[in-house]
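Colleague: Given only the sequences and the hints, what does the whole structure look like? Please build it.
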Amino acid sequence: MFKGTNVAARIFERQIISPRPGASINFVRQFYENLVPGCTICDIDCPDYSFKKITDDGQYLVSFSRNLQDIIVYRPTWLSFSFKGEICDYESLTQKAKKFDSFFTQLYCITLGSSNEFICKDFFLYLENHQFGLFATSTAQTHEVPANEGAIHGVPSIEKITFHLVRLKDGEVMDEKSFYNDFVNLTPHSMGVFLYEDLLCIMSLRYQTIHILQVRDSGNLVDVRNIGAFCLEDDELYLNSHTQCPAVVNKSKPDENIHQSANGIHHQQVTQGSSFLTGIKQRLLSFIFRKAWNEEADPALRVQHLKKKFYFHFQDYVDLIMWKVQFLDRYHLLIKFGSVDGGVSRSTDQHPAFFAVYNMETTEIVAFYQNSSEELYSLFEQFYDHFHANSRELVHANFISSYSNNVHALEQLQSMKNKTSSLSQFVKKIMTSLPYTCQSQSPSPYFDLSLFRYDEKLISATERLRHSTDHPIKFISRRQPHVLKFKMKTGLETSGMDSSRTKKISSFLFHPYLPLALSIQQTYMQPTVVNIHLRL
Amino acid sequence: MGSLLGDWPSYDPHNFSQLRPADLSSQSSKVTPVTYQPTHSRTLPPPDQVISTETRNILLRRFYQKSEEKLCRKRAASDHLTPEHRCKQPRGTLAEEEGY
Numbered sequence: 445m446f447k448g449t450n451v452a453a454r455i456f457e458r459q460i461i462s463p464r465p466g467a468s469i470n471f472v473r474q475f476y477e478n479l480v481p482g483c484t485i486c487d488i489d490c491p492d493y494s495f496k497k498i499t500d501d502g503q504y505l506v507s508f509s510r511n512l513q514d515i516i517v518y519r520p521t522w523l524s525f526s527f528k529g530e531i532c533d534y535e536s537l538t539q540k541a542k543k544f545d546s547f548f549t550q551l552y553c554i555t556l557g558s559s560n561e562f563i564c565k566d567f568f569l570y571l572e573n574h575q576f577g578l579f580a581t582s583t584a585q586t587h588e589v590p591a592n593e594g595a596i597h598g599v600p601s602i603e604k605i606t607f608h609l610v611r612l613k614d615g616e617v618m619d620e621k622s623f624y625n626d627f628v629n630l631t632p633h634s635m636g637v638f639l640y641e642d643l644l645c646i647m648s649l650r651y652q653t654i655h656i657l658q659v660r661d662s663g664n665l666v667d668v669r670n671i672g673a674f675c676l677e678d679d680e681l682y683l684n685s686h687t688q689c690p691a692v693v694n695k696s697k698p699d700e701n702i703h704q705s706a707n708g709i710h711h712q713q714v715t716q717g718s719s720f721l722t723g724i725k726q727r728l729l730s731f732i733f734r735k736a737w738n739e740e741a742d743p744a745l746r747v748q749h750l751k752k753k754f755y756f757h758f759q760d761y762v763d764l765i766m767w768k769v770q771f772l773d774r775y776h777l778l779i780k781f782g783s784v785d786g787g788v789s790r791s792t793d794q795h796p797a798f799f800a801v802y803n804m805e806t807t808e809i810v811a812f813y814q815n816s817s818e819e820l821y822s823l824f825e826q827f828y829d830h831f832h833a834n835s836r837e838l839v840h841a842n843f844i845s846s847y848s849n850n851v852h853a854l855e856q857l858q859s860m861k862n863k864t865s866s867l868s869q870f871v872k873k874i875m876t877s878l879p880y881t882c883q884s885q886s887p888s889p890y891f892d893l894s895l896f897r898y899d900e901k902l903i904s905a906t907e908r909l910r911h912s913t914d915h916p917i918k919f920i921s922r923r924q925p926h927v928l929k930f931k932m933k934t935g936l937e938t939s940g941m942d943s944s945r946t947k948k949i950s951s952f953l954f955h956p957y958l959p960l961a962l963s964i965q966q967t968y969m970q971p972t973v974v975n976i977h978l979r980l
Numbered sequence: 184m185g186s187l188l189g190d191w192p193s194y195d196p197h198n199f200s201q202l203r204p205a206d207l208s209s210q211s212s213k214v215t216p217v218t219y220q221p222t223h224s225r226t227l228p229p230p231d232q233v234i235s236t237e238t239r240n241i242l243l244r245r246f247y248q249k250s251e252e253k254l255c256r257k258r259a260a261s262d263h264l265t266p267e268h269r270c271k272q273p274r275g276t277l278a279e280e281e282g283y
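First to last, the sequence lines map onto chains X and B. Heads up, the first sequence is in the working numbering, so the first residue is 445 and it goes up one at a time. Heads up, the second sequence is in the working numbering, so the first residue is 184 and it goes up one at a time.
Because the hints were derived from the structure by calculation, they are not lab data. You may find that some hints are simply not true.
[To be verified] Restricting the straight-line Cα-Cα distance to at most 30 angstroms, the calculated cross-link-like pairs of lysine-lysine (DSS-like) are: (1) X:K861 - B:K249; (2) B:K249 - X:K752; (3) B:K249 - X:K751; (4) B:K253 - X:K872; (5) X:K543 - X:K497.
Modeller: Rendered as structure tokens:
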């Protein structure tokens, strides 16, 4: 670590100090304490687009038009100005240069939507290796849907959702993949799409299927497998060739009938239509069965134990549906199961949720936990980075501050845990962040908790809309506990009366490595204000 | 001076005057470094050993380890208990680690 705080002294020190092994990025990041985006250009004159994200390699700024039909991509640059002669009027030059065009050069504008299809403005994924961007367009959602074969009830339906793979360099649409009469959740909290290296998994809620796709170098989206009704690729073929009659009673669980009367006869309808439970459900039930079986060593007490642990809850397990999925590595998925009505709600009390780790190659469930499990929580605390599932090539993503790589984040989490009255409630609340939503955190070093301390309610690495305050957001140095490094003003200073009545929402877009950030402030019934924060 | 340090300047001309180049060269030829030979071969690696990176990350390894513990440990314990079952009263249930 550097001895001094002065930037010139640090540059001299850098010539002679070699960083600790494996910590060269942390070492170099300390320079971000000296170069901070403290200067704000308020209410910059910019086109009225909805700015979505600056890609993690800093090459593109992706934005959508207000009517959600077009995509406009900019290249982030830096302002530059020059003058002739000796007398330099620095102030007036910088004034002239403070325009949106100085920072962002428009590359192109392409139309993805059509008359009835609109771009999903919460969805954008970036493949850094090939500079591909994944966008989604969908038609309107309908809630009153006739029951289709194979579709579950209680989930809305969208006539058509299309995923577009666009090469961001020139805006060419490489490939598309559409889902009809299906529902894929594209809201930030319950994102049904996860990208890991070149693999994409899409959670189709209506048909309870996980679609695994691969993005090839040529820009094609190729189906790899579908997990849900069938686990192995040839399951369907095998079942079709052996099915004699359509309605076969599920003989695998004979004790089920004893408890049907306890649970209510109406549950029987679920299994009447199809002869078998889905492949993934069967794998899950057999795992729970084997686990309960092995918990009790005494054979005499085993049946009693099984009744309590497995058969009593059998119908609840059968009724579970998959809500969200993420990759843990190329072969393992973390799947969140929940009840039909409990999926998107954030309240954790009434609706139990479960997490399962599934191996796609062996089609086995490896682990199964309830969301209040302390065992899962301890794994979460220790190995949080592995839940992020960043591939090894993306270096910067591994340095986003998290509970397992940053002592300050861990301290915050543990102090919250110590303050809480009910540990299981606390665990459930923390578990709502699993499965992780990929590319939802900004890799900017200004969010590094070892460098800066900031109010996480007002701003953090996670990209989401927050209520804004009138006071500027302070970033305080971590190493020098009371030194303010820089402030970010989120909007024009309005008079006290106006600000208390109107609700303002702000969002922030940080450049991954330059001292440049955009803050977008939206007020009800008023035009959006965009500020640029930079180091001048 | 002809010493190993050459004609490098120093504050005091008497510094490094005790060093003789002859001493240095004779010293280096006389001393042979001590080598140690192992007396046993217990710590040698097996001849077919291949060291490679574990493909599964640590989180997945823990998941597998815990599931193996739950599925195998109890089975091993139950094998131990079964022979005594006939002559003794049925035992109480083994303490459960965690239920859900």
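Colleague: Check each numbered hint against the structure and report the violated ones by number, ascending.
Modeller: none
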